[in-house]
Amino acid sequence: MRHILFTGILLALALAALPVRGAAQPLVTGGNLVLQITAALLGQEPAMATNSQCTLEWQKEHVVTKVTVSTTCPGQRFTLRVLATNISRRGGIEGIAAPEVTLQDGMPAMDFITDVPPPGSLNTSATLQYTASATFSQGNSTELGNDLHTVTYTVVAQ
Amino acid sequence: MTMSHLIGAGIALAVAAFAQRASAQVFGSTAHTVTVQVAPITVIGVDLAALTLQISSGTPGQETMTVTDATSKLLWGTNSSNQKITANTDNAAPLFDLRLVAVNPTGGSVTSEFSLSTTPHDLLLNVGQSLGSCTLQYRGVALASQAPGSDTHVITFTVQSQ
Chain C
1 MRHILFTGIL
11 LALALAALPV
21 RGAAQPLVTG
31 GNLVLQITAA
41 LLGQEPAMAT
51 NSQCTLEWQK
61 EHVVTKVTVS
71 TTCPGQRFTL
81 RVLATNISRR
91 GGIEGIAAPE
101 VTLQDGMPAM
111 DFITDVPPPG
121 SLNTSATLQY
131 TASATFSQGN
141 STELGNDLHT
151 VTYTVVAQ
Chain A
1 MTMSHLIGAG
11 IALAVAAFAQ
21 RASAQVFGST
31 AHTVTVQVAP
41 ITVIGVDLAA
51 LTLQISSGTP
61 GQETMTVTDA
71 TSKLLWGTNS
81 SNQKITANTD
91 NAAPLFDLRL
101 VAVNPTGGSV
111 TSEFSLSTTP
121 HDLLLNVGQS
131 LGSCTLQYRG
141 VALASQAPGS
151 DTHVITFTVQ
161 SQ
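Chains C and A, in that order, give the protein sequences. 1 is the number of the first residue of the first sequence in the numbering used here; add one for each residue after it. 1 is the number of the first residue of the second sequence in the numbering used here; add one for each residue after it.
There may be inaccurate statements among the hints.
Here's a subset of chain A near chain C, in silico, CB distances under 8 Å, partners left out [unchecked claim]:
hint: 1; residue: Phe27
hint: 2; residue: Thr30
hint: 3; residue: Val34
hint: 4; residue: Thr35
hint: 5; residue: Val36
hint: 6; residue: Gln37
hint: 7; residue: Val38
hint: 8; residue: Ile41
hint: 9; residue: Ala49
hint: 10; residue: Ser81
hint: 11; residue: Val101
hint: 12; residue: Val103
hint: 13; residue: Asn104
hint: 14; residue: Gly108
hint: 15; residue: Leu131
hint: 16; residue: Ala144
Treat the hints as calculated values from the structure; they're not laboratory data. From a predicted model like this one, the values you see are computed outputs, not experimental measurements. The beta carbon of each residue, even a glycine, is placed where N, CA and C say it ideally should be.
Kindly produce the complete structure, drawing on both the sequences and the hints.
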């Protein structure tokens with residue numbers, strides 16, 4: 001009898017202590033990006049720069065999941081936002097894009113895509129639409145340096 | 001404690017652990033680098049392409065006749081630091097004096113009124129890293145003793161390091 005309880009305790013400990021292994025790591029395709037702000041119209045702040053060349057791919061899990069986003073950018077000066085677009089739809093809703101996220105150095109992880117349904121073993125993807133902006137008062141990279149963001153996407157249970 | 005109690009306790013422990021894991025479960029993460037690069041950008045312009053100052057009458061007993069115009073605006077934007085705005089004319093030998101001063105600037109420091117010449121003269125100081133505007137107040141000056149005539153000026157405004 002005792003070994004049944006012991007087995008239960010072992011199972012509980014294993015679930016609590018073992019590292020969680022997702023079916024596959026998410027992946028950003030499209031490489032690293034450079035967004036350049038180079039022009040302005042008279043009477044207006046510099047024009048924004050946008051880029052949608054990167055895609056986030058990940059594998060669905062056995063539970064409802066979401067994707068969060070965060071960044072580290074020491075000494076950040078300019079504004080960078082990201083929005084999930086073109087979330088794949090293979091026979092149903094594959095997730096809901098959160099409102100555009102403003103990426104700030106040291107920010108907590110913010111919801112990026114929510115309500116990604118099971119089942120696991122199916123790949124899904126979304127386009128990463130980045131928008132960079134700067135005001136004249138924020139200066140320029142020649143004098144101040146570039147903003148270098150390490151943007152992290154994490155798949156977690158919702 | 002019966003066997004069923006033990007089994008129940010074991011299962012409960014396993015379920016509780018699973019539920020705790022599921023609520024904070026991280027399945028994986030990935031990162032990439034995004035660089036934001038902002039070039040030095042400077043724009044400047046005037047909202048009126050042309051204007052005319054006409055001196056058509058004087059005041060008895062006064063040699064100096066003037067006319068003032070403040071209908072045009074200068075707009076600028078620069079994300080470089082330590083900048084100023086200068087103004088100059090292409091007319092090297094005008095018959096009459098044409099003076100200029102910036103009025104009500106949204107940023108920067110105003111210099112005093114000056115006569116336009118082919119040598120750039122400071123109009124506004126300390127306009128670095130700003131989006132701004134000011135009114136351009138022109139003053140045409142002629143002497144009663146001068147013959148009638150006209151001058152044409154092409155006035156150039158420049159943002160430059162100070």
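Results of checking the hints against the structure:
no. : hint   : result
1   : Phe27  : 3 Å, holds
2   : Thr30  : 5 Å, holds
3   : Val34  : 4 Å, holds
4   : Thr35  : 5 Å, holds
5   : Val36  : 4 Å, holds
6   : Gln37  : 5 Å, holds
7   : Val38  : 5 Å, holds
8   : Ile41  : 5 Å, holds
9   : Ala49  : 13 Å, violated
10  : Ser81  : 6 Å, holds
11  : Val101 : 21 Å, violated
12  : Val103 : 18 Å, violated
13  : Asn104 : 16 Å, violated
14  : Gly108 : 12 Å, violated
15  : Leu131 : 5 Å, holds
16  : Ala144 : 40 Å, violated
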